[in-house]
Amino acid sequence: MSFIVLIAAGLLVPIFYKNNIVIAKLIAVIAFIMAAYFIFAGQSLGSLFPYFVADDATRLMEFVLLVTLAAVSLALTGFERPLIAQMLFLAGASVAFLETNNFFIYIVLFEVIAIISYILVANIRNFYNAEGAIKAFIAGAVASGIILLGFALFSFSTDSFDYASMNIAGKYTLIAVAIMLAGIFYKLTVVPMHGWAADAYSQVNHAAAAILSGVIKSVVLFATFKAFYKFLVAYPLATVLIFSFFAILTMTLANFMALWQKRVSKILAYSSIAHSGYALIPFAAAASVYSYAGVLYYAVAYIFMQTSVFLILNDLRRELGVKYLEDIKGLYKKAPLHSFIFTIQLFSLAGIPLLAGFLSKAVAFYAGVDAGLWWVVLIALLNSALAVGYYVWIIKHIYFDEPKGNEVIQMSTGSLIGQLILLAGTLYFGIVAGDIFNATISF
Amino acid sequence: MVAVDIIFAPIVFSALVYFLTRGAQHLTKYIALGWFVVLFIIALNWYHQLPVDGGFLFLGNFLSVPQFGFELTLQIDALSVAMLLLTAALLILVVLTSWNEKKQAAYFSLLIMFSGPIFGVFMTTNVLWFFMFWELTLVPMLFLVGIWGAEERIYAAIKFFIYTHVFAMFMFVGFYLLYKQTGYWDLTLIKETALATPALIWWLMFLGFAAKLPVFPFHTWLPDAHVQAPSSISVLLAGVLLKMGAYGLIRFTVELMPITTLEFAKYMLIFGLITTFFAGMLAIYEKHIKKMVAYSSISHMGLVVVAISTMTYDGLSAALFEMIGHALVISPLFLIAGWLHHKTHTWYMDEMGGIMKKAPYAAAIFILAGMAALGLPGTMGFVGELTIIVSAVKAYGWWIAIIALAGMISAGYIIWAVRRAIHGPMSPIVEKADFSMSFAERLALAIYAVLIVYFGINPQPIFDLANQAFSFLGGM
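Those protein sequences? They're chains G and E, same order as listed.
Numbering-wise, the numbering used here puts 347 at position 312 of the first sequence, and it's gapless, one number per residue.
Numbering-wise, the numbering used here puts 377 at position 379 of the second sequence, and it's gapless, one number per residue.
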């Protein structure tokens, strides 16, 4: 039901673009709320179609996804109105993507989400937007090709695409999965498949970047773990080697790249890439009972923080023309509320306690320790500690430096409500871990 | 419920206090003062409720997640209460000494926020929550140093933040392994004998605490942070944040892993001795008055490590006494050093001189605290250093009496500093400067002086607490 509501609303919304954006926003939010209600009431896609099953963890992830997208749609302004319909379609596709238990449908919906993301970034207003959009498109197309290659190879050796009854002992399974992972790593922006993301995230419209780097990545992360769980457990050595290697490579390289960026959006883009590295640790530790909780927690926490920082940057870009670090000097005087929320979310990204960023890392990394990978976890923790360098560097510009101009901006009501929703998520999941563990208990 | 409220209320309401009192900046300090007095009274109340035979006073369990053992368990023993009383007292005095600070709403809101996690660190026995509070104390400190500090404040604040954060990560891996190998996050339930790799865990945790204390090779953040911080915040850094390291060392090594600690005590001793002498030498060399005080602070924390490494009842009691004594002694030194800079606009002792004639009150307190730092009988410093030397000699034999040399080194730098800055011919800078001091600052300094002398003559109350805290080691 939620799927149908979201798609229908997505078709309905564009009618109101021209005349009244408030109605369009309202319809979107109502659609998100209704979809969340249907998920809450247990009416998943599985009740209508085969190949879809929603467990508690999936439902929680969908719920968080819908809340985040509702917050984003509230925070948008007139310029970004095409995003509203795209977000509704994205939500519909994501709900299906998260619920599916069939590998074939996983691949198909992966493509659907990829195509929606191309349309998202196609909101082009200048040369930089265009460059980012083209890079996202070409990298996405390459990724699709690679995934299909792997999938074709894989389909030789299995007679079922059901997650639970796939034949994974085939001759080509390992190589096929490796090729598919190479494609998926494009979407998860794992180094060395990250090159497009650093440009795309920082150059496309920041609201689109929020969805691209926050929402889509979290969804792909969680769904991929579900889809590949059986492989990860069946090939423990390959799992540990591949994911530990790419986790360490990704976080280290991205953190060092982020340290010497001057564009705020680029720092956030590299921070997003680094977070993909941290998120791979529970993949490497799939053998641990905490891995599912770790991935879910990471996806949930990450969606709130990353979306929020890019949305604030979007506001700042529009109102103050913020591009470089110099532009946010003394921001606390110009935009006290933006600065306050931005700082909290940055601390969350940095992994400061009582915020979701810390607890999600604590659980995800514990999965690594539980699987015996304590040295990988140590490297990840040191990386996240060094990453504080660039987060604090942004905060330093906001609070410790004096402003140049003296214009003062206010946060619009919609933006404020949206940000408060995201902030509430960050704070709630920073203190209360019970929901995550209760949701994953059955896995 | 009081227990959990006094941790979370300040964190949540500090932002509210800031936004409400932004229009009336002078109000915030009264709110802060009132809150810290309440904290002190609550801590005092817990002191009277402590079980007489040692052991923990249980305050409650919150936010339980049984699948992850994640639970905010609040229980306190005499050691925690000693730290809580010290923290609350120092916070009150810090409000007094920063009575005329700039941007008061933000400053005192951050202080209020700081009081939450720092109480949490000393109150919880859950290792994960301990770590969370431990990390959270860094956030208000980052802003307090970074906004109100001296010229190099931004460098110092960020270095302090990243340095201690990075070393905390080693500690966190140690905590992870504790949980992995025992299945408990709770300190009181973890059994050392259940650990598979105690040595690895011990070293990982030791690194985290050593950087906080700080112990010799990991100390480089401290001179920067303490010097650049505003004086009142230096007091908090030296008086409370360094104590977190010593507290953690006692809790997590001596109490939690006595067998492994016994094995590695000799390394701890070596680290402590090197720290004491190295920092003392640096203090002699230093011309910068606040850096001199900062190095003397490191030197005294080295003595605390030596005392902890003995792992005896005497040693730990001496360590607790020296922790409290160090906090009370070093604070007026920091305050007056910062105050002198504020008035004379120079950091260097060579350019001062003759302050006694212009500002006799501050100079007298500086001399008193300095004498306490070098261990003059009748002050807290004497009792602390004497008990440390006695306990170390008992534990390691007569040769350890060389740490008495540390007292001589501190005599060297303190007396020389007094000679250069306080006495001597009056320098032109001092001649021009205006040495007025507010009543609140005078009051705070007087309280420090009274406490230093009172506990120097009558150390029994602190040793009573130590008796309760370390009764598991046999007692006297």
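Possibly wrong hints are sitting among the right ones.
Okay, derived cross-link-like pairs now, DSSO-like style, lysine-lysine, Cα gap no bigger than 30 angstroms in a straight line [what the hints assert, rightly or not]:
hint	chain 1	residue 1	chain 2	residue 2
1	G	Lys368	E	Lys100
2	E	Lys157	G	Lys368
3	E	Lys178	G	Lys297
4	G	Lys358	E	Lys101
5	G	Lys265	E	Lys178
6	G	Lys364	E	Lys178
7	G	Lys364	G	Lys439
8	G	Lys439	E	Lys100
9	E	Lys178	G	Lys431
10	E	Lys157	G	Lys358
Some chain E residues well away from chain G (every beta-carbon gap over 12 angstroms; in silico) [claimed, not checked]:
hint	residue
11	Phe60
12	Pro64
13	Gly114
14	Glu133
15	Leu134
16	Val137
17	Arg151
18	Ile160
19	Thr162
20	Leu175
21	Leu187
22	Phe262
23	Leu280
24	Ile445
Because the hints were derived from the structure by calculation, they are not lab data.
Glycine included, C-beta positions come from ideal geometry on N, C-alpha and C.
Hint check results:
1. Restraint check for Lys368 (chain G) and Lys100 (chain E): satisfied, since their Cα atoms lie roughly 16 angstroms apart, inside the 30 angstroms limit.
2. With a C-alpha separation of about 25 angstroms, the suggested pair Lys157 (chain E) and Lys368 (chain G) falls inside the 30 angstroms cut-off, and the hint holds.
3. As the CA atoms of Lys178 (chain E) and Lys297 (chain G) are separated by approximately 41 angstroms, the hinted pair breaks the 30 angstroms bound.
4. Between the alpha carbons of Lys358 (chain G) and Lys101 (chain E) the distance comes to roughly 29 angstroms, so the proposed pair stays at or under 30 angstroms and holds.
5. Using a Cα cut-off of 30 angstroms, the hinted pair Lys265 (chain G) and Lys178 (chain E) holds, with the two alpha carbons roughly 24 angstroms apart.
6. Straight-line distance between C-alpha atoms of Lys364 (chain G) and Lys178 (chain E) comes to about 44 angstroms, which puts the hinted pair past the 30 angstroms bound.
7. A C-alpha spacing of about 7 angstroms is found between Lys364 (chain G) and Lys439 (chain G), which places the hinted pair at or below 30 angstroms, so the restraint holds.
8. Distance restraint check for Lys439 (chain G) and Lys100 (chain E): the Cα-Cα separation of roughly 21 angstroms lies within the 30 angstroms cut-off, and the hinted pair is therefore satisfied.
9. In summary, the hint linking Lys178 (chain E) to Lys431 (chain G) is not supported, as the alpha carbons are separated by about 37 angstroms, beyond the 30 angstroms threshold.
10. Taking the CA atoms of Lys157 (chain E) and Lys358 (chain G), the gap is near 26 angstroms; set against the 30 angstroms cutoff, the hint holds.
11. A beta-carbon of chain G comes within 12 angstroms of the beta-carbon of Phe60 (chain E); the shortest separation is about 10 angstroms.
12. Not every C-beta of chain G lies more than 12 angstroms from that of Pro64 (chain E), the closest at about 8 angstroms, which undercuts listing it as non-interface.
13. Not every beta carbon of chain G lies more than 12 angstroms from that of Gly114 (chain E), the smallest distance being close to 9 angstroms; the non-interface claim is violated.
14. Distance check on Glu133 (chain E): its Cβ comes as close as 5 angstroms (rounded) to a Cβ of chain G, failing to clear the 12 angstroms threshold; non-interface status is violated.
15. Remark: the non-interface label on Leu134 (chain E) conflicts with the geometry, its nearest Cβ contact in chain G lying 5 angstroms away (cut-off 12 angstroms).
16. A beta-carbon of chain G comes within 12 angstroms of the beta-carbon of Val137 (chain E); the shortest separation is about 6 angstroms.
17. Residue-level check failed: Arg151 (chain E) sits 8 angstroms from the nearest beta carbon of chain G, not beyond 12 angstroms.
18. At roughly 6 angstroms from the closest C-beta of chain G, the C-beta of Ile160 (chain E) falls inside 12 angstroms, breaking its exclusion from the interface.
19. The Cβ of Thr162 (chain E) sits about 9 angstroms from the closest Cβ of chain G, inside the 12 angstroms cut-off, so the non-interface label is violated.
20. With a minimum CB-CB distance of about 6 angstroms to chain G, Leu175 (chain E) fails to clear the 12 angstroms threshold, and the non-interface call is violated.
21. With a minimum CB-CB distance of about 18 angstroms to chain G, Leu187 (chain E) clears the 12 angstroms threshold, and the non-interface call stands.
22. The beta carbon of Phe262 (chain E) is kept farther than 12 angstroms from every beta carbon of chain G, the shortest such distance being approximately 20 angstroms.
23. The Cβ of Leu280 (chain E) sits about 27 angstroms from the closest Cβ of chain G, beyond the 12 angstroms cut-off, so the non-interface label holds.
24. For Ile445 (chain E), the non-interface assignment is confirmed: its Cβ lies about 32 angstroms from the closest Cβ of chain G, beyond the 12 angstroms cut-off.
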